[in-house]
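What follows is the residue order along each chain.
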Amino acid sequence: EAGVAQSPRYKIIEKRQSVAFWCNPISGHATLYWYQQILGQGPKLLIQFQNNGVVDDSQLPKDRFSAERLKGVDSTLKIQPAKLEDSAVYLCASSWARGNTIYFGEGSWLTVV
Amino acid sequence: AQSVTQLDSHVSVSEGTPVLLRCNYSSSYSPSLFWYVQHPNKGLQLLLKYTSAATLVKGINGFEAEFKKSETSFHLTKPSAHMSDAAEYFCVVEMGSQGNLIFGKGTKLSVKP
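Here the protein sequences come in this chain order: A and B. Numbering-wise (the numbering used here), the first sequence opens with residue 2 and increments by one. Numbering-wise (the numbering used here), the second sequence opens with residue 3 and increments by one.
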């Protein structure tokens, strides 16, 4: 079974530029999550989708971050404009349904200089 | 509100000796608790989870954890460390019915030959 796929794996951008990350969850998984993991810390939830609807985006900095999952499968996370403190690993995860085991991708590493 | 506290940021053991990674939780009700492992440049992998069944939970790679309600603890143990166990370990609590995960800050496990 294929796992959660993410791209790009690594990205370096200058502050105030924009960046987008893509995620393809495990086939059939209705719930999709984006987490932010800053170096030395545990991951923090940014947004949760159930199919193509947002369940929780209370910790998403909406002035610069946006995410969508238009067809209920793939998802993109965008940051515009980026700040230095956005340097982190962005982890996508999926599960069959809310409350089921969550599977993580390998992450997209962002460095903002 | 649910939270987890990992008591050690770094644990170092010798190969073949026991491993103990400590975690205390805070929850207003009986929580679902997890341990995840993250190897360098790899995604998070579920080691084990507790969901109010048996208090002693066995996971992959010889790890196990015991849920102790009286101590609000969920410590991770392994009888004999292997070099391949060197990684970052996260204690995690599930928040509410949405399935969102709240991560501890992580414990880095080093294994000396």
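These are computed hints drawn from the structure, not numbers from a lab. Being a predicted model, the structure only gives us computed values, none of them experimental. It cannot be assumed that every hint is accurate.
Unchecked claim - Chain A is nowhere near these chain B residues, computed Cβ spacing over 12 Å in every case:
| no. | residue |
| --- | --- |
| 1 | G18 |
| 2 | Y31 |
| 3 | N43 |
| 4 | Q47 |
| 5 | E90 |
| 6 | V113 |
| 7 | P115 |
As the list claims (entries may be wrong) - Covered, in the sense of this in silico footprint (three residues per stretch, anywhere, with C-beta under 8 Å from a C-beta of chain B), are these stretches of chain A:
| no. | stretch |
| --- | --- |
| 8 | 14–28 |
| 9 | 96–106 |
Where is the CB? At the ideal position from N, CA and C, for every residue including glycine.
Is the Cβ of Y31/B more than 12 Å away from each Cβ in chain A?
-> Non-interface label stands for Y31/B: nearest chain A Cβ at 14 Å, farther than 12 Å.
Assertion that N43/B lies outside the chain A interface [Cβ separation over 12 Å] = violated, 7 Å
Non-interface claim for P115/B: all C-beta distances to chain A beyond 12 Å?
-> Check passes; 26 Å lies beyond 12 Å.
Holds or violated: the stretch 96–106 of chain A covered by chain B, criterion of 3 or more residues with Cβ-Cβ distance under 8 Å?
-> holds (count 10)
Looking at E90/B again, its CB stays over 12 Å from all of chain A?
-> Label violated. Min Cβ-Cβ 9 Å, cutoff 12 Å.
Was G18/B rightly flagged as not at the interface, with every chain A Cβ beyond 12 Å?
-> Fine: 29 Å to the nearest Cβ keeps G18/B off the interface.
Checking the smallest CB distance to chain A, is Q47/B really beyond 12 Å?
-> violated, 8 Å
Distance rule for V113/B, whose beta carbon must clear each one in chain A by more than 12 Å = V113/B clear of chain A: closest Cβ-Cβ about 20 Å, beyond 12 Å.
Are three or more residues of the stretch 14–28 of chain A within 8 Å, CB to CB, of chain B?
-> Coverage by chain B is violated for the stretch 14–28 of chain A (0 residues, Cβ < 8 Å).
Of the hints listed earlier, those the structure fails to meet are numbers 3, 4, 5, 8, in rising order.
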